[in-house]
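Visitor: Sequence:
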Amino acid sequence: MKKNKKNTPETEAGNVVDNQVDKNLPEVENEAEPEEAPEVDIEQLQAENQKLREDYLRAFAEAENTKRRCAQEIEKNNKYAISSFGKNLLSVADNLHRAIEAVAKDDNKENCEALLKGVELTEAELMKVFNKFGISRMDIMGKVFDPNFHQVIQEVEDASKPAGTVIAELQTGYMLNDRLLREAMVVVTKGGPAAH
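Positions in the sequence shown are counted from 1; adding 144 to them yields the numbering used here.
The reader is advised that the hints may include incorrect statements.
Claimed, not checked - Restricting the straight-line Cα-Cα distance to at most 27 angstroms, the calculated cross-link-like pairs of lysine-lysine (DSS-like) are:
no.: 1; residue 1: K220; residue 2: K272
no.: 2; residue 1: K305; residue 2: K334
no.: 3; residue 1: K276; residue 2: K261
no.: 4; residue 1: K231; residue 2: K220
no.: 5; residue 1: K223; residue 2: K211
no.: 6; residue 1: K276; residue 2: K220
no.: 7; residue 1: K272; residue 2: K261
no.: 8; residue 1: K272; residue 2: K231
no.: 9; residue 1: K276; residue 2: K223
no.: 10; residue 1: K261; residue 2: K231
no.: 11; residue 1: K287; residue 2: K305
no.: 12; residue 1: K231; residue 2: K276
no.: 13; residue 1: K195; residue 2: K220
no.: 14; residue 1: K287; residue 2: K272
no.: 15; residue 1: K272; residue 2: K223
no.: 16; residue 1: K287; residue 2: K334
no.: 17; residue 1: K231; residue 2: K287
Please keep in mind that the hints were generated in silico from the structure rather than gathered at the bench.
The task is simple: from the sequences and hints, build the whole structure.
Guide: Below you can see the structure in the form of structure tokens.
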């Protein structure tokens with residue numbers, strides 16, 4: 145026997161509320177679907193995280209490279225800052241050297257000894273200052289001509305030496321640290337065997 149349920153206002157109100165709650169709730173068809181959505185989000189977030197990390201590392205490396213290049217540029221500027229100063233003093237060094245050579249060739253050495261000694265001391269002091277700032281004379285006598293460091297003023301026939309051997313220096317060449325400050329003006333041989 146079935147009991148007849150009477151529809152009372154309370155039960156009717158409960159049924160209406162149950163129906164409305166059921167309509168508002170989303171239907172869950174497959175419980176595996178919500179799990180897949182977070183996995184896709186996690187993979188996407190991991191990919192974005194990896195990209196941001198790579199971008200950060202790239203930017204950091206670029207900043208480090210820029211810092212290193214700036215430090216090298218500052219070092220180079222400090223090392224070669226006196227370039228024009230050195231070039232202007234080279235003519236002074238040349239004149240001192242010429243004076244020494246002229247006095248040394250004079251037959252009346254007794255009259256010139258004091259002058260020669262003074263000029264030699266002045267040149268020695270100038271060379272000390274040059275060395276202090278990284279300026280040095282090139283040692284080129286007997287070496288093979290190098291267009292990067294020498295300017296040929298004259299060629300002399302000499303079959304006993306390899307062609308292109310420096311046999312005279314007309315103007316001294318100078319280096320500023322490892323950079324050419326002024327090329328040497330030289331006389332080289334020709335007619336001999338090829339230089340190696």
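Visitor: State for each hint whether it applies.
Guide: Here is what the structure says about each hint:
| no. | hint | verdict |
| --- | --- | --- |
| 1 | K220 x K272 | 22 angstroms, holds |
| 2 | K305 x K334 | 8 angstroms, holds |
| 3 | K276 x K261 | 23 angstroms, holds |
| 4 | K231 x K220 | 18 angstroms, holds |
| 5 | K223 x K211 | 18 angstroms, holds |
| 6 | K276 x K220 | 17 angstroms, holds |
| 7 | K272 x K261 | 17 angstroms, holds |
| 8 | K272 x K231 | 16 angstroms, holds |
| 9 | K276 x K223 | 12 angstroms, holds |
| 10 | K261 x K231 | 25 angstroms, holds |
| 11 | K287 x K305 | 11 angstroms, holds |
| 12 | K231 x K276 | 15 angstroms, holds |
| 13 | K195 x K220 | 37 angstroms, violated |
| 14 | K287 x K272 | 25 angstroms, holds |
| 15 | K272 x K223 | 17 angstroms, holds |
| 16 | K287 x K334 | 14 angstroms, holds |
| 17 | K231 x K287 | 24 angstroms, holds |
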